[in-house]
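Sequence positions in the sequence shown follow the numbering used here and run 1 to 122.
FYI, nobody ran anything at the bench for these hints, they're computed from the structure. Among the hints, erroneous ones may be present.
What the hints assert, rightly or not - Straight-line distance between alpha carbons at most 16 Å, and here's what the computed EDC-like set of lysine to aspartate or glutamate pairs gives:
1. LYS87 - GLU60
2. LYS20 - ASP64
3. LYS88 - GLU60
4. LYS19 - GLU100
5. LYS20 - GLU107
6. LYS46 - GLU12
7. LYS20 - GLU60
8. LYS19 - GLU60
9. LYS46 - ASP9
10. LYS88 - ASP27
What the hints assert, rightly or not - Label pairs and their computed distance ranges (CB to CB):
11. ASP52 - ARG26: 39 to 49 Å
12. SER35 - LEU112: 33 to 43 Å
13. ILE8 - ALA113: 20 to 30 Å
14. PRO99 - ASP9: 39 to 49 Å
Quick reminder that beta carbons are idealized off the backbone N, C-alpha and C, glycines included.
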Amino acid sequence: MIFTLMSIDVGERVTSIRKKAGMNQRDFAARLGISNGGISQIERGKAMPGGDFLLRIHQEFGVDLTWLLTGVSSSVSQEPPVVSPEKKELMDAFDGMTPEQRRAILEVSKVLAQPKPSKFAG
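Full structure from sequences and hints, please.
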């Protein structure tokens, strides 16, 4: 009974991570290297995630594993930091850039992040 209750809680947290990442089960499972059926079993509390899954979810989404397994965060925030696929792609590309390229990207991003002036402003 304890295993079932604990696995349901873990499954709910896995589901919340997947939804915050904006992914369906198939894409989420593929990104974590697990079958779609496996992710479904974990999310429904029918199976506990294995070590490979835990390592991948931490690496891919920055999930606090203590929080995932217990519901208690080892950091100050109770919410796990979930990184969207787009943000991860940007961070990976940024990591491979030279310092000059990084500075250029940061400058471009500052310009792009500026609010657009309203055409009705006068």
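Item to check | Satisfaction of hint between ASP9 and LYS46, Cα-Cα up to 16 Å | outcome: holds (11 Å)
Next on the checklist: Does GLU60 sit within 16 Å of LYS87, going by the straight-line distance between their CA atoms?
Outcome noted: Holds - the C-alpha atoms of GLU60 and LYS87 are around 11 Å apart, at most 16 Å.
Item to check | Assessment of proposed distance window 20 to 30 Å (beta carbons of ILE8, ALA113) | outcome: violated (40 Å)
Checklist entry - Under the criterion that the straight-line Cα-Cα distance not exceed 16 Å, is the pair LYS19, GLU100 satisfied? => result Judged against 16 Å, a Cα distance of about 36 Å means the pair is violated.
Item to check | Pair hint LYS88 and ASP27, alpha-carbon separation not exceeding 16 Å | outcome: holds (15 Å)
Checklist entry - If you check the beta carbons of PRO99 and ASP9, does the distance land in 39 to 49 Å? => result At roughly 44 Å between Cβ atoms, ASP9 and PRO99 fall inside 39 to 49 Å, so the hint holds.
Checklist entry - Is it true that the CA of LYS20 sits at most 16 Å from the CA of GLU107? => result Violated. LYS20 to GLU107 sits at ~28 Å, over the 16 Å cutoff.
Next on the checklist: If I claimed the Cβ atoms of SER35 and LEU112 lie 33 to 43 Å apart, would that claim hold in this structure?
Outcome noted: This hint holds: roughly 39 Å between Cβ atoms.
Next on the checklist: Can you confirm whether the C-alpha distance between LYS88 and GLU60 stays at or below 16 Å?
Outcome noted: Status holds; Cα separation ~8 Å.
Next on the checklist: Please verify whether LYS20 and GLU60 have alpha carbons no more than 16 Å apart.
Outcome noted: holds (13 Å)
Checklist entry - Is the distance from the Cβ of ASP52 to the Cβ of ARG26 consistent with 39 to 49 Å? => result violated (18 Å)
Next on the checklist: Check whether the Cα positions of LYS19 and GLU60 lie no farther apart than 16 Å.
Outcome noted: The hint holds at about 14 Å.
Hint violations for this structure: numbers 4, 5, 11, 13, all remaining hints satisfied.
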